Amino acid sequence: MLKQQLLKDLRKAMEVMDYPATDIVLSTPENKAHGDYSTNIALQLSKLKSGNRKHSPQEIAKQILSHLGDLSYLSKAEVVGPGFLNFFIKPEVLSGQLAEILEKGEDFGKNELGKGEKIQVEFISANPTGPLTLANGRGGAIGDTLANVLSWSGYKVGREYYVNDTGNQVRNLGESVLAAAGKAEAKEEHYRGEYIKDLAEKFKDKLDLDPQSLGHLLADYLLDSEIKPAALRIGIKFDEFYSERSLYERNLIEKAAELLKEKGFAYENEGALWFASTKFGDEKDRVLMTSEGGRGRAEPTYFLADIAHHFDVLGRGYLKKINIWGADHHGYETRLKGAVAALGFEGKVDIIFMQMVKLFRGGVEVKMSKRAGTYVTLDELLEAVDKDAARFFFLMYSPESHIDFNLDLAKEQSNKNPVFYVQYAHARMSNILKKAGEKPIDSCKARPCPARPGLAGQLSHPAELALIKHLVQLPDLVEGIAQDYQVHKLTFYATKLADLFHKFYESCRVLNAETEGLKEARLALVLTAKITLGNTLSLLGVSAPERM
RNA sequence: GCGCCUGUAGCUCAGUGGAUAGAGUACAAGUUUCCGGAACUUGGGGUCGGAGGUUCGAAUCCUCUCAGGCGCGCCA
1 MLKQQLLKDL
11 RKAMEVMDYP
21 ATDIVLSTPE
31 NKAHGDYSTN
41 IALQLSKLKS
51 GNRKHSPQEI
61 AKQILSHLGD
71 LSYLSKAEVV
81 GPGFLNFFIK
91 PEVLSGQLAE
101 ILEKGEDFGK
111 NELGKGEKIQ
121 VEFISANPTG
131 PLTLANGRGG
141 AIGDTLANVL
151 SWSGYKVGRE
161 YYVNDTGNQV
171 RNLGESVLAA
181 AGKAEAKEEH
191 YRGEYIKDLA
201 EKFKDKLDLD
211 PQSLGHLLAD
221 YLLDSEIKPA
231 ALRIGIKFDE
241 FYSERSLYER
251 NLIEKAAELL
261 KEKGFAYENE
271 GALWFASTKF
281 GDEKDRVLMT
291 SEGGRGRAEP
301 TYFLADIAHH
311 FDVLGRGYLK
321 KINIWGADHH
331 GYETRLKGAV
341 AALGFEGKVD
351 IIFMQMVKLF
361 RGGVEVKMSK
371 RAGTYVTLDE
381 LLEAVDKDAA
391 RFFFLMYSPE
401 SHIDFNLDLA
411 KEQSNKNPVF
421 YVQYAHARMS
431 NILKKAGEKP
441 IDSCKARPCP
451 ARPGLAGQLS
461 HPAELALIKH
471 LVQLPDLVEG
481 IAQDYQVHKL
491 TFYATKLADL
501 FHKFYESCRV
511 LNAETEGLKE
521 ARLALVLTAK
531 ITLGNTLSLL
541 GVSAPERM
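Going letter by letter, the first sequence gives residues 1 to 548 in the UniProt record's numbering.
There's no promise every hint is true.
Said to hold, decoys possible - Cross-link-like lysine-lysine pairs, in silico, BS3-like; alpha carbons within 27 Å at most:
# : residue 1 : residue 2
1 : Lys-3     : Lys-47
2 : Lys-187   : Lys-204
3 : Lys-370   : Lys-187
4 : Lys-348   : Lys-115
5 : Lys-348   : Lys-370
6 : Lys-104   : Lys-348
Note that these hints are calculated values from the structure, not bench results.
If you're wondering where the values come from, they're calculated on a predicted model, not measured in any experiment.
Let the sequences and hints guide you as you build the complete structure.
Okay, here's the thing in C-alpha cells:
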C-alpha cells in the first residue's frame, strides 16, 4: 500500500545518495500538522557520521527530499524542526486506497510474512486438577488471538494445550478426593473447593483405586467436563491437547534423557540425573531424574517430561513454539530454553510472560489458590459478563501489566466495557448499509468503486480522511503483532476505529449526502470501515453484531 | 540476599529514542425536525515514583534508590 510505496521511494533516494541501508521508520503522526507519514531518518543518518561526511540533519533531509523528485501521490513533502521529513498524501490517493480493502474483503489485513512456515502457540495448559480460573482466561484470550494473528500472517498455526495429566499434582488430586470421601487422611497440600466434594460423590464407585490411578481418571474427567467447555465458552478451540502421560507411554522421556546424555549435557550425581543448565546461563544445574534417596523413588521430573514434550513438538518441524506462561514460571525459562538449545533447537522457543491477575472481593485482596479453594473461575466470570466483554477485557492489557480484578464490579463495569462502544460502531455501519440496500460484504467489481475516477475525489472531509488513514493501517498492524506478539494493540486499534467512525457519522451524512456521487463514495467508506472493523473483531475473537 | 515484572491524569491503562506525553472512565458544561444519543462537542486535571548520567533530543537507554507483585525445591 501507500506506506510501502513511500518506503520504497525513500530507500531508492538513499541508495542514490550512497547512504547505508538502515531501517527507515515511517510513523503516522498524531498531529495533523506533521503530515500523514513522517520519518526521522535524517536525524538517524546524521548520527552515523559515516566516513568523513558530516552534515546536519536538516541538510540531509533536504538532500533526500531533492532526490525523491516529484512523487505523484504526495501533495506536499517538507523538512521540519530538527530534520523530520513530513509527507502529505493527496486526498484522492488516500481514498483510492479503499479499493484495496473492498477487493480483499474478509482477507483485508492478511500478510505473507510467515510464508507457510509452522508455528505452535501453547497456552492455558493449566493442570487438570480443577476448573479454569481468571488467569487462565487471560492466557487463553492472548494465546488464541496471537494464534489468529499469526495465521493471518501466513503461518500454519497450531494451538496446543499441554495437559499435565500425571505426576504429583494428579496423585494429590486423587488423594484429595479420597480424603473428602473419608478414605484418606486430610493433608495440608490437598485441593479444596466444592468441586472436590462433587468429584467424591460422582466417583464414589472408584474410591478403592490407588491415588495415582484415581487421579488419572479424575484428570481426564476434569479436562473433558470442565476445561474444554470453559475454553469453548470463551471462543477457544485447541488443535491439540498434548498429554504428559502419553510421553511416558511412548517412551519419549527416556529418549530425551538418553539424548541429553549423548550430547554431554546430562550427568549423574548423588543418585540423580542432572541437566547442565549452568552451561546455558542458569544459576545451577537442574534435576532430570530424582534419586531414590531424595524423594524416596527414582522418577522423571516435570522438567524432563517437558523437555521431551518440546523435543517431540519441535521435531515436527515448527519454525517456532511460542509459550504463554504466568509470571510465576519465570525462573523456569532459562533451563527450558537451555534444554531446547542442547537438543539442537536453539532459539525456537519464545515465551510470553503475563503478570498475575489479582483478585479483589469487597475491596480486599484474596490470594488465588486452587489448593485453598479461593479463586474465581472463568465460568463465574462468564456468568457475570458475556464472552465478548471478557475477551476484550483481557486483551486490553499488555501482558506485563498486573491486572486488578474485582468480580463484584465486573458486571457493573461491563456496561462501560469499550467492547460495546466498538460493537455499536459496527452495528451503526451495518444499519446504514442495510438502509441503503447494500449487501453486507460486496466486491469492488460488483459495485461502483471509490477508486473509479470521479468517485475517488469525493471524499475530502477531515473526518473521512482520518478514518481512511486509520483503516489502511490494519495490514501493517497485523504484521507487526506477528513479530512483537503485542496483541493488545488490536483492542486499541478497534477502539480508535470506532471512535473515528462515530465522529465521521456525526459530521458526515451518508444516505442523504449532498450529491449522489458523495453518497456513493461515503457508502463505500462505510463498507470498508465495516470490513476492517469486522476483520479486527474476528482476530480478537469478538463478535461483530449487525444490530445490538 | 539474588533474579524478573510493574510504578504515567482522581481511577483503569496506552505510549520502549523524537515534535505540545495520549485514551477510556469519573467530574463540569453543552449537542437530537434528519442514517440508532450505547453517540458527539468543549473544559479542567500530569514534578511520567525519586536522583544522577548518556544524547541534538529521554516516560522510553545506563547507574543508584524507593514502593508493590512474582520467583529462587530431587514441586508443577
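Could you check the structure against the hints above and give me the numbers of any it violates, in ascending order? The structure breaks hints 5 and 6; every other hint is satisfied.
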